[in-house]
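A.B. asks: Each chain, written out:
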Amino acid sequence: MTTFLGIPAPRGVGHLRGEHSFPDAARGALADSQLRRNLGHATRTIRGKRANVVGELDDWEQLRLAGSALKAATMARLDEHLERLEREVTARGGTVHWARDANEANAIVTRLVQETGASEVVKVKSMATQEIGLNEALEAAGIEAHETDLAELIVQLGGDLPSHILVPAIHRNRAEIREIFLREMPGVDPELTAEPRRLAMAARAHLRERFLRAKVAISGANFAVADTGTLLVVESEGNGRMCLTLPETLITVMGIEKIVPTWQDLEVFLQLLPRSSTGERMNPYTSAWTGVTPGDGPQAFHLVLLDNGRTAVLGDELGRSALHCIKCSACLNVCPVYERTGGHAYGSVYPGPIGAVLSPQLTGVEDNASLPYASSLCGACFDACPVRIDIPSLLVRLRAQHVDEQRKRRVPSAEAIAMAAASWVMSSPRRFAAAEKASRAGRLLGRRTGRIRTLPPPLSAWTASRDVPRPPAETFREWWARERGGAG
Amino acid sequence: MSAREEVLGRIRAANAAAGHPAPPTVPRDYHREGTHPAGAPELLDLFRDRLVDYKATVLDAPADGVAEAVRTALADATGNVVVPPGLPDGWWPDGLAASRLTDDRLSPAELDTAAAVLTGCASACATTGTIALDGSPDQGRRAITLVPDVHVCVVRAEQVVQTVPEMLAALEPTRPITFVSGPSATSDIELERVEGVHGPRTLIVVLVA
Ligand code: SF4
Chain Z
20 MTTFLGIPAP
30 RGVGHLRGEH
40 SFPDAARGAL
50 ADSQLRRNLG
60 HATRTIRGKR
70 ANVVGELDDW
80 EQLRLAGSAL
90 KAATMARLDE
100 HLERLEREVT
110 ARGGTVHWAR
120 DANEANAIVT
130 RLVQETGASE
140 VVKVKSMATQ
150 EIGLNEALEA
160 AGIEAHETDL
170 AELIVQLGGD
180 LPSHILVPAI
190 HRNRAEIREI
200 FLREMPGVDP
210 ELTAEPRRLA
220 MAARAHLRER
230 FLRAKVAISG
240 ANFAVADTGT
250 LLVVESEGNG
260 RMCLTLPETL
270 ITVMGIEKIV
280 PTWQDLEVFL
290 QLLPRSSTGE
300 RMNPYTSAWT
310 GVTPGDGPQA
320 FHLVLLDNGR
330 TAVLGDELGR
340 SALHCIKCSA
350 CLNVCPVYER
360 TGGHAYGSVY
370 PGPIGAVLSP
380 QLTGVEDNAS
390 LPYASSLCGA
400 CFDACPVRID
410 IPSLLVRLRA
420 QHVDEQRKRR
430 VPSAEAIAMA
440 AASWVMSSPR
450 RFAAAEKASR
460 AGRLLGRRTG
470 RIRTLPPPLS
480 AWTASRDVPR
490 PPAETFREWW
500 ARERGGAG
Chain X
14 MSAREEVLGR
24 IRAANAAAGH
34 PAPPTVPRDY
44 HREGTHPAGA
54 PELLDLFRDR
64 LVDYKATVLD
74 APADGVAEAV
84 RTALADATGN
94 VVVPPGLPDG
104 WWPDGLAASR
114 LTDDRLSPAE
124 LDTAAAVLTG
134 CASACATTGT
144 IALDGSPDQG
154 RRAITLVPDV
164 HVCVVRAEQV
174 VQTVPEMLAA
184 LEPTRPITFV
194 SGPSATSDIE
204 LERVEGVHGP
214 RTLIVVLVA
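These protein sequence lines map, in sequence, to chains Z and X.
Counting the first sequence from 1 gives a position; this note's numbering is that position plus 19.
Counting the second sequence from 1 gives a position; this note's numbering is that position plus 13.
Hints were generated in silico from the structure; no laboratory data involved.
Bear in mind the structure is a predicted one, so any value in this text is a computation, not a measurement.
Covered, in the sense of this in silico footprint (three residues per stretch, anywhere, with C-beta under 8 Å from a C-beta of chain Z), are these stretches of chain X:
1. 17–31
2. 34–43
3. 116–129
4. 145–158
5. 189–200
6. 208–219
For every residue, glycine included, the Cβ atom is placed at its ideal position computed from N, Cα and C.
Turn these sequences into a full structure, and let the hints guide you.
C.D. replies: Listed below in structure tokens is the structure:
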């Protein structure tokens, strides 16, 4: 029984809602063969690396069980852990701020930057600040925010949106990246080739001077340790270390679910995260800091604790496990739907299977109504998830919740109409037979891949968001009629 | 109501709505301790393998041969080599082309012109090929191991433990800690690994056993 409905993330700010429903947004992606090649290559590569390093550990399943239990235990006492974190950070010279939603968090960060007098900031990639649309809010206040993660830089310079949690520019290949750099990077060598090493070095040169002069940095956090007040950022390139140690002021925006009770708990997550995400035994760099250390790193530290719909998720007895997510992106890389559509189709900073459950939970299901249907429910995401989130069950539950709300509402959504159309067809033998026959027209389209992308109406509404197997040359009913000689 | 009170209130209401779930007991039957004691030869071999896999360089040195190994590591360095204020005696080799520059709040720009940095470490993990720095006098501020392009890090055998839990247990969490696993790297362009983006492009570990 759920009585607490919570307060979803506000509309009109941040990046949790797309302009189009998933099926509409996915259509373009499905037709883009370059995109599908880029995605297919990238997800295949990561899947292989992950499988290798996970296979090295004979206690992987024990680590997953520990991770899952740790998260559930943390959520059960979340208020106490956050209060403890606040006490410890404050005692060590940091300042803690609380934000009910995206607007409040953006206002706090903007004010903090303005108080330093800086007109530009360097940023280390952070899901939370993307979620709340912080860069846009800073820009509106006349503050320039430079993304410093290579992939985020590619996305920012390309005037684009991230399409993967971990590899935001996964949808771009080297030739496209070279084009973006030549067009957008002032002073870039016009002889720049598309070799990844040359491109990375161009980014290094471009960002070096910004790092050295930056007065203010903004980060997210992968973990916060309640009983010591320690914050952690996990990364590869060193741009995180640059942001976390060189500037005078550091502002960290963190979702309230990122907390772990004790330092010891990190021994579980620092094993689960790198192996699940980049397929490495350990990522090149992890920084841990507690408040302010005199003489080392920023001498002003602000921590912004963000709700923005998370407590609404927490109020749902089953759905709350979506908050256990450590944003490793393993579920994206194994998802057949994500592999074909890429991240943009999900319309939220959280794409893929976890996005399909988390986004509608954060915004309220009516604002992301098509996402729970954007899955084949094959279960690969659950097997890959290092903290054992049962994403398929959550999807089914959200679908049910959506249907329930439609019933109350009486103005049906596109998804409800599609489902109704499908059931209207399927509930009559004659209509179903007609639709089956009509669907055979689709065989011609599907000949090359063995899959087809759409069916004739009214089934098209239902299949628009997923591939279906090619229908057989003969329908079951036709076969029955021929073989058994009876009338259909 | 303040945002703080409101968010905490929402959390309590949410936990009540979810039926006050009891915190489960956390099973800790994963490997917390290694099968080899710190500094065991098997661990040093594993540690070396992992580092090389990350494209780091490993130089072995006997206890009285650190300076010799450092000399090899810094043979090509010209200009300044930054060292932390508490660099142990006997680590700095005589007669290097580069000169020793002790960190005393050097600015980022000054660090940027340095050729290399030489430090110790706080702990290391063999299974993952990780070095942990915690800002002790032989390691210095976080910035000095970040901005110069070459990091030479001296690791003593007894600092090398087998598992991640053992490494974390060896550290004091409230110190500023940096975990380093190989040199800076990115895989953002078509998942092809490129060493060296913003952090040091070269990591040389002097393993003292
Ligand atoms: S749901 Fe699980 S697999 Fe997916 S990103 Fe989160 S932690 Fe990783």
